[in-house]
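Colleague: Please model the entire structure based on the sequences and the hints provided.
149 is the number of the first residue of the sequence shown in the working numbering; add one for each residue after it.
Some hints here could point you the wrong way.
[Unchecked claim] EDC-like cross-link-like pairs, simulated, lysine to aspartate or glutamate; straight-line CA separation at most 20 angstroms:
1. 370 to 221
2. 370 to 411
3. 370 to 182
4. 370 to 265
5. 257 to 221
6. 257 to 304
7. 370 to 315
8. 257 to 302
9. 370 to 480
[To be verified] Pair by pair, the computed Cβ-Cβ distance ranges are:
10. 301 to 470: 23 to 31 angstroms
11. 354 to 470: 34 to 42 angstroms
12. 321 to 483: 15 to 23 angstroms
13. 475 to 214: 26 to 34 angstroms
14. 160 to 302: 51 to 59 angstroms
15. 469 to 181: 39 to 47 angstroms
16. 268 to 158: 36 to 44 angstroms
Because the hints were derived from the structure by calculation, they are not lab data.
We treat Cβ as the ideally placed atom computed from N, Cα and C, and that holds for glycine.
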Amino acid sequence: MTAAAPGTGTPAQSLVRDALTVLQPGFTGTTAPEWLLRQLDEGLGAVALFARNIESPAQLAALTAQLRAVRPDVLVAADEEGGDVTRLEARGGSSFPGNLALGAVDDVKLTRAVAAELGRRLAECGVNLNWAPSADVNSDPDNPVIGVRSFGADPDLVARNTAAYVEGLQSAGVAACVKHFPGHGDTATDSHHAMPRIDVDLETLHARELVPFRAALTAGSKVVMSAHILVPALDPELPATLSPAALSGLLRAPHEQGGLGYDGLIVTDGMEMQAISATYGIERGTVMALAAGADAICVGGGLADEETVLGLRDAIVAAVESGDLPRERLADAAARVR
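Modeller: This is the structure we're talking about:
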């Protein structure tokens, strides 16, 4: 069983394939279930791995080979930050320093070397997208979700270590995913549980939160992950993941228009997190994120079954058919994933 080439079949089949291509779902178990292989064959573009899927490097390599036997170009993604956030070594704790430790040393050569070795281990196991590093400036010491996942509270320190991490990771052939745009550091709320709010003006945002993201993009980060945070200075109503002003505006806009000029892949943070699911629901939130400028939808940390994938697929298709999501926007998103 091998996946069909993109763009083949009828317009309706192409639409369904594109809707699947933009999803990054998870699953349970240490081997790929039949439903996942079937959806890969239908067009699913990525698979998200968590600790529940990983027992050993050899087992993980066999699992990713199983996925690629169906879809050779599948993106296999994981959260492997080192320190407190690890999937490869979840049972015993990471043998790699986390961002806070690297930031305390503040040796970009060391940061680059650590990321390169981490990337090498991921690549050996068949993982080609790492949802890391965190580029958040930890400006709120009471932050419950970033904290030690940040390189520190100084924007320039965070920027140089973020850039070094991106360079090291990608030197091993693993795409970096800098997160959580436009910066999750100045929050006292965990977006897994509620909607954080960052009340800073645009000047502060550019001078603090965005400095590491600029450095990461200059270093060539292949992917940017959006944050489920409300930044009223950007958009008084919608969180960044759902905000055209944040994604199509600030992140994509050319430098001369005050944007970051990014043209790569934008992936959302987990759509089942309460900041999105409790207010919008994952299906509506998925459509809104794609319409806002996101290219890939991360879901599967808590929801990890075929029903979730099919529900999101059908919601995307229905949104295109109703005109709520332009067909060209979905095609552009799918092309970026591919």
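Colleague: Against this structure, judge whether each hint is valid.
Modeller: Here's how the hints hold up against the structure:
1. 370 to 221: 16 angstroms, holds
2. 370 to 411: 9 angstroms, holds
3. 370 to 182: Distance ~30 angstroms between residue 370 and residue 182 Cα, so the pair is violated.
4. 370 to 265: At roughly 18 angstroms apart (the allowed maximum being 20 angstroms), residue 265 and residue 370 satisfy the hint.
5. 257 to 221: 32 angstroms, violated
6. 257 to 304: 16 angstroms, holds
7. 370 to 315: The given pair, whose Cα atoms are some 10 angstroms apart, holds under the 20 angstroms limit.
8. 257 to 302: Given that 20 angstroms is the threshold and the Cα spacing comes to 18 angstroms, the pair holds.
9. 370 to 480: 16 angstroms, holds
10. 301 to 470: 23 to 31 angstroms: 46 angstroms, violated
11. 354 to 470: 34 to 42 angstroms: 37 angstroms, holds
12. 321 to 483: 15 to 23 angstroms: Distance hint for residue 321, residue 483 holds at roughly 22 angstroms.
13. 475 to 214: 26 to 34 angstroms: 33 angstroms, holds
14. 160 to 302: 51 to 59 angstroms: 52 angstroms, holds
15. 469 to 181: 39 to 47 angstroms: Violated - the Cβ-Cβ distance for residue 469 and residue 181, about 29 angstroms, lies outside 39 to 47 angstroms.
16. 268 to 158: 36 to 44 angstroms: 43 angstroms, holds
In this structure, the earlier hints numbered 3, 5, 10, 15 are contradicted, and the remaining ones agree with it.
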